[in-house]
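Chemist: Each chain, written out:
Number of protein chains: 2
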Amino acid sequence: MNRVVTTVVVALVLAGSGSLAIAQESAAETQNKQIVLDFYEKVLNGKNVEAITSYLGSRYTQHNPGAADGVEGFRKFIEFLRKSYPQAHSEPRHVFADGDYVIVHSHAIRDPGTRGSAIVDIFRLEDRKIVEHWDIIQPVPETAANGNGMF
Amino acid sequence: MNRVVTTVVVALVLAGSGSLAIAQESAAETQNKQIVLDFYEKVLNGKNVEAITSYLGSRYTQHNPGAADGVEGFRKFIEFLRKSYPQAHSEPRHVFADGDYVIVHSHAIRDPGTRGSAIVDIFRLEDRKIVEHWDIIQPVPETAANGNGMF
Numbered sequence: 001m002n003r004v005v006t007t008v009v010v011a012l013v014l015a016g017s018g019s020l021a022i023a024q025e026s027a028a029e030t031q032n033k034q035i036v037l038d039f040y041e042k043v044l045n046g047k048n049v050e051a052i053t054s055y056l057g058s059r060y061t062q063h064n065p066g067a068a069d070g071v072e073g074f075r076k077f078i079e080f081l082r083k084s085y086p087q088a089h090s091e092p093r094h095v096f097a098d099g100d101y102v103i104v105h106s107h108a109i110r111d112p113g114t115r116g117s118a119i120v121d122i123f124r125l126e127d128r129k130i131v132e133h134w135d136i137i138q139p140v141p142e143t144a145a146n147g148n149g150m151f
Numbered sequence: 001m002n003r004v005v006t007t008v009v010v011a012l013v014l015a016g017s018g019s020l021a022i023a024q025e026s027a028a029e030t031q032n033k034q035i036v037l038d039f040y041e042k043v044l045n046g047k048n049v050e051a052i053t054s055y056l057g058s059r060y061t062q063h064n065p066g067a068a069d070g071v072e073g074f075r076k077f078i079e080f081l082r083k084s085y086p087q088a089h090s091e092p093r094h095v096f097a098d099g100d101y102v103i104v105h106s107h108a109i110r111d112p113g114t115r116g117s118a119i120v121d122i123f124r125l126e127d128r129k130i131v132e133h134w135d136i137i138q139p140v141p142e143t144a145a146n147g148n149g150m151f
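Residue numbers (the working numbering), protein chains in the order written: chain Z, 1 to 151; chain P, 1 to 151.
Note that these hints are calculated values from the structure, not bench results. Even glycine gets a Cβ: it sits at the ideal position worked out from N, Cα and C. Each hint should be verified, as a subset may be incorrect.
Computed footprint of chain Z on chain P, listed as stretches where at least three residues anywhere in the stretch have a Cβ under 8 Å from a Cβ of chain Z [stated by the list, open to error]:
hint, region
1, 65–77
2, 93–99
3, 108–120
Could you build all of it, start to finish, from the sequences and the hints given here?
Modeler: What follows is the structure in structure tokens.
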């Protein structure tokens with residue numbers, strides 16, 4: 001996995017009135033990142049429908065306009081992937097966390113050998129379960145105005 | 001501005017060996033968010049080419065495949081917006097920070113009255129200057145499979 005951002009607690013500052021630690025990332029944020037990356041690997045890439053309930057909450061608010069709402073809607077999406085694109089794979093390139101949110105910037109390829117799409121998924125977690133999801137999807141174009149790539 | 005996530009230092013935990021503060025967001029992350037939101041308002045929405053140098057570093061690595069690299073490429077993009085879409089406006093809906101990165105999920109409308117696009121911008125900052133940018137852009141569709149909207 002290239003360039004996954006794994007910022008952890010780095011800064012310790014001693015304040016006048018006692019010891020004060022300024023953490024760039026809380027333990028909960030680190031844990032949320034790992035939960036989402038596991039979910040990516042087991043559910044999204046592994047297409048394991050049975051594993052869904054380990055990661056999603058009892059409700060799952062879906063903002064992807066192409067997907068039905070709720071846990072059942074997501075289950076149908078994974079079944080669709082398993083049937084229609086069994087080799088589909090999403091490779092996280094950046095992973096960020098801020099409070100209850102985890103943001104994943106990934107390169108998704110449904111058919112091996114194609115350029116695929118750049119995707120940002122935003123997940124909101126409650127009590128270590130994913131309860132809400134937004135995403136933005138853009139196909140990787142054949143040519144670009146700069147040589148830096150989309151990732 | 002709706003639903004902008006402004007997570008700040010919230011958690012104080014006393015550890016056994018002394019006072020330990022676990023911050024969900026460092027002062028630098030809070031400052032980076034504000035820099036990017038100011039940049040959004042003054043440069044992107046205000047289309048103020050002169051303000052660019054206040055926010056961008058001496059180099060600006062561009063990953064948007066439609067935009068030329070560097071500060072000069074970005075200046076040309078703002079001039080294009082000012083000339084072709086003078087009423088273009090991007091409304092941040094979520095703003096996240098993680099280390100040197102700020103992520104903005106926004107609703108961009110170039111022509112008032114149109115549905116516009118959902119965009120995620122990812123900015124990397126060094127010394128309070130924006131030095132690298134990725135984005136993903138998806139038009140808001142006319143209909144959706146759920147009633148939650150894209151934001």
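Chemist: Determine for every hint whether it applies to the structure shown.
Modeler: Results of checking the hints against the structure:
A stretch counts as covered by a chain when three or more of its residues have a beta carbon under 8 Å from one of that chain; for the region 65–77 of chain P and chain Z the count is 6, and the coverage holds. Counting residues of the region 93–99 of chain P whose C-beta lies closer than 8 Å to any C-beta of chain Z gives 5; at least three are required, and the coverage claim holds. With 3 residues having a beta carbon nearer than 8 Å to a beta carbon of chain Z, the region 108–120 of chain P meets the requirement of three or more and the stated coverage holds.
Against the hints set out earlier in the document, no violation occurs for any number.
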